[in-house]
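Undergrad: Here is how the chains run, residue by residue.
2 protein chains.
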Amino acid sequence: MVYLQYNPGKTGKNKVEEIKMNTVEQIKLFMEPRSVALVGVSSRTGMHSFNILENILDLGYRGNVYPINPNTSTILGRKTYSSIKKIDADVDLAVVSTPRSQSPGIIEECIKKGIKAIIIVGQGFADASDEEGKQLQENIIRMIRNTETRIIGPNTIGVSNPFVDFSTSFAKQSEIKRLPIGVISQTGMFSGSFPDLNLLGKGIDLGNACDLDFADCLEYFEYDQDTKIIFLHIEGIKNGRRFIEVARRVAKKKPILALKTGVSPRSAKVAQSHTGSMIGKNEIWEGVLKQCGIIRIGDFDEIGDLIKAFSHLPLMKGRSIAIISLSGGIGLMAMDACEEYQLNIPELSPETREKIISISPEWHTINNPVDIWPAMGISRRPFGEVLRTTIEAVLTDKRIDAVLLIVGAWFESISPPFSEIVLEVANKFKDKPIAWAPYEGWLYKITAREIEDKIKKHGKVAVFSSPKRALRALSKLADYSAFQRGE
Amino acid sequence: MVYLQYNPGKTGKNKVEEIKMNTVEQIKLFMEPRSVALVGVSSRTGMHSFNILENILDLGYRGNVYPINPNTSTILGRKTYSSIKKIDADVDLAVVSTPRSQSPGIIEECIKKGIKAIIIVGQGFADASDEEGKQLQENIIRMIRNTETRIIGPNTIGVSNPFVDFSTSFAKQSEIKRLPIGVISQTGMFSGSFPDLNLLGKGIDLGNACDLDFADCLEYFEYDQDTKIIFLHIEGIKNGRRFIEVARRVAKKKPILALKTGVSPRSAKVAQSHTGSMIGKNEIWEGVLKQCGIIRIGDFDEIGDLIKAFSHLPLMKGRSIAIISLSGGIGLMAMDACEEYQLNIPELSPETREKIISISPEWHTINNPVDIWPAMGISRRPFGEVLRTTIEAVLTDKRIDAVLLIVGAWFESISPPFSEIVLEVANKFKDKPIAWAPYEGWLYKITAREIEDKIKKHGKVAVFSSPKRALRALSKLADYSAFQRGE
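First to last, the protein sequences are chains A and B.
Residues 7 to 493 in my numbering are what the first sequence lists, from first letter to last.
Residues 7 to 493 in my numbering are what the second sequence lists, from first letter to last.
Accuracy of the hints is not assured; some may be wrong.
Note that identical chains are pooled: a pair holds if it fits in a single copy or bridges any two copies.
20 Å max Cα-Cα, derived DMTMM-like pairs, lysine to aspartate or glutamate [what the hints assert, rightly or not]: (1) K183 <-> D459; (2) K34 <-> D98; (3) K85 <-> E346; (4) K140 <-> E368.
Hints listed in this document are in silico derivations from the structure and should not be mistaken for laboratory results.
Just so we're clear, the structure is a prediction, and the values are computed from it rather than from any experiment.
Based on the provided sequences and hints, a complete structural model is requested.
TA: Okay, structure coming up:
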């Protein structure tokens, strides 16, 4: 680490690249500190005590930990210190969990001690209703001006880095996995896990974002080898111009997914009170995110879907899809969703149709969507043969960029099971995404989750809970592919 | 049953009420037949054989079953008949699963035998690409004209009635439950179970709907004591005027939920080929369904959510909601969704605010959404007390019609667990819906599904997988309440 050469770049003398590296090194102090002071750690331990020290020890963090509590001499067998200045060693990071009124004094101590990274966990700053809270936050910002110290927070659970078994969360995390998904959020709710996925890579909760902001953290993830996908939860951003410049550059290298909240007039007003100036209307954000090449997440449910798609599937090179279903009716629903997400359902090529017609009853229309039920239910072809023939046919077709499978999960009991056939085909056609929305309603008792678990281990297929959600995710793979091509 | 007095009402001499009862009695022949002839039943049995006889026997149907197969004398120990006319007893219902070309001959035999209910399972009629299929379907319609025989299908899995342990589905149903949800669909995919719910009440798959249609089946469910909620999956409807008249009447008595597919220009063209004339544009359907008081389901995922809401929650009398969350950031997201679903987030009354302020830190803003984290994390109030005080306060508030809880599931390990407190409060406030979207990401390992299972047994709370989905469901409870009040 070269953070001793740190220069906040406020003089404007450094070249851009140098400043960037400095920010990155600075954030490394938060993400992989060699030593941490925990200010205001409670002597209460055990379930529901929200004791940061206990959580850090449980995770197995290997750096030095200095708990600060003037009212006791040990907590969990660890020696405590009465104040920061009593620590007779260098400290990379201070995590401050005191009542808000004590914060200025503690920050002053941290600066004197030479601590360059401070996380302010406490609430009641810009997020409070009273003038005092806002004043306190402004004081803090003034205190670090012209120092080498940077702050994450206040009103945050801080950072989480499973790659070094470290987290500053006061909430006990049931599982932190070394996954290549970097999170930058403004609520601690995302630094636990994603719905339906239970995953988390490195995480930064900016809270009120009084100092370090999205652009800074994006630069950290830009250079971070452990992170392949970046997820943002944005309430508001202070320096819009810098965000756009940085995000657009980073998005060319790694997909950035963003959930922007506070977009209705009332919620924007609330978000405004937490953060800075660039709250803006929904339409403005739509444009900004698009310009940056950021994939916008419309809904809580979509987070897990997109993480899954971007983690497991190749990009969709065009917008043309083939839909394979076991019911004409379900195929219709998927067509409606394609319209919504601007995906095309082209006619299949004559060669492709010929391959599928050869296994179907003569009266059956072979169109896109392809209904494969008649080939099985009426022509009595083996299920595996029908599935394999159809998927291979459409994936070979040059008109097709991706396939959506809406086939039930019940043939898992047959040998070879559906999922093995799908995986086999996926390995043959590695450059076209296969999205599977197994309809759970029918028949034998295997769940979509079991199929998903099986498939996740093996490769380039992703399972979604409905055809519409699968198509929504595919459309974002197509959006990002277009951005990368400069379209 | 009085079906011997059946009169299809085509002479126009009967009074409306009589015709209605006749339709209902007619459909009863399909739904609760005393005897069934299975035409074209295969001698192949066992897994994946799609043998209707086997499925019927497995379900424990108590009527008489007559398998028809000219090539064998017994199937599964049951005597088979070489043709319909060889059955020397009355037959209420014939289920015809032969290749399409044999259908006209078999229908003629059924009519001669006096069978008044026929399900045509086979495909290749109006759903086929060739002229022959369309011609066959027209022939069939002509054959039953001026007879007492009615048809469901073709291209259908028929009917399902768990209340008499009966189903004509060739697909083995893993579980058929006696639930008060009546299904009328145009694909067999819905006659299995609903995603996430695994439930099915009585079900009718209309398939190509060459004869019996939505209006007929709606009248059946109108009078059916076992059915409290009606779910429709509509591709197209032939007689729009009659549908509107019947649906509007039935919707006043029982909530009707409808998923309309085939709404994009291309999918509408495909739907057209299956069914009749009233395909129409999405905007037209939007108006028609609204006029009928039918709750429109926008998405596959929404089916389960709305069934859950209408099964477990009281209606929402107005459109004003209180949101209780453990994170300001998540509260913001919910505000955005409220705007989308036209729900208001009113200021709480001074009395309500006072109750919540009394347990919160002094600097904390008590607004709607209510962030209860500071009361627990900072004022160190017991979690249960905070939750109970807050929910009771907002539900007592006259400005509030429903509450959305966005609180984690991790306090289930505390005594009393969150879910018990929520249930207790729900029992006190029976006329206001409580929707719970537990955030799964945080902490101890209880899942939303476990909470849901616990709560479902007890009462008036429903659990949803995201705040947005909860709000979408609540907004539909408000829509239906407004329709019932004539607004």
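Undergrad: Does each hint fit the structure? Answer for all of them.
TA: Comparing the hints with the structure gives:
no.	hint	verdict
1	K183 <-> D459	within (16 Å within a copy, 28 Å between copies)
2	K34 <-> D98	within (10 Å within a copy, 77 Å between copies)
3	K85 <-> E346	neither (60 Å within a copy, 53 Å between copies)
4	K140 <-> E368	between (75 Å within a copy, 14 Å between copies)
Hint violations for this structure: number 3 only, all remaining hints satisfied.
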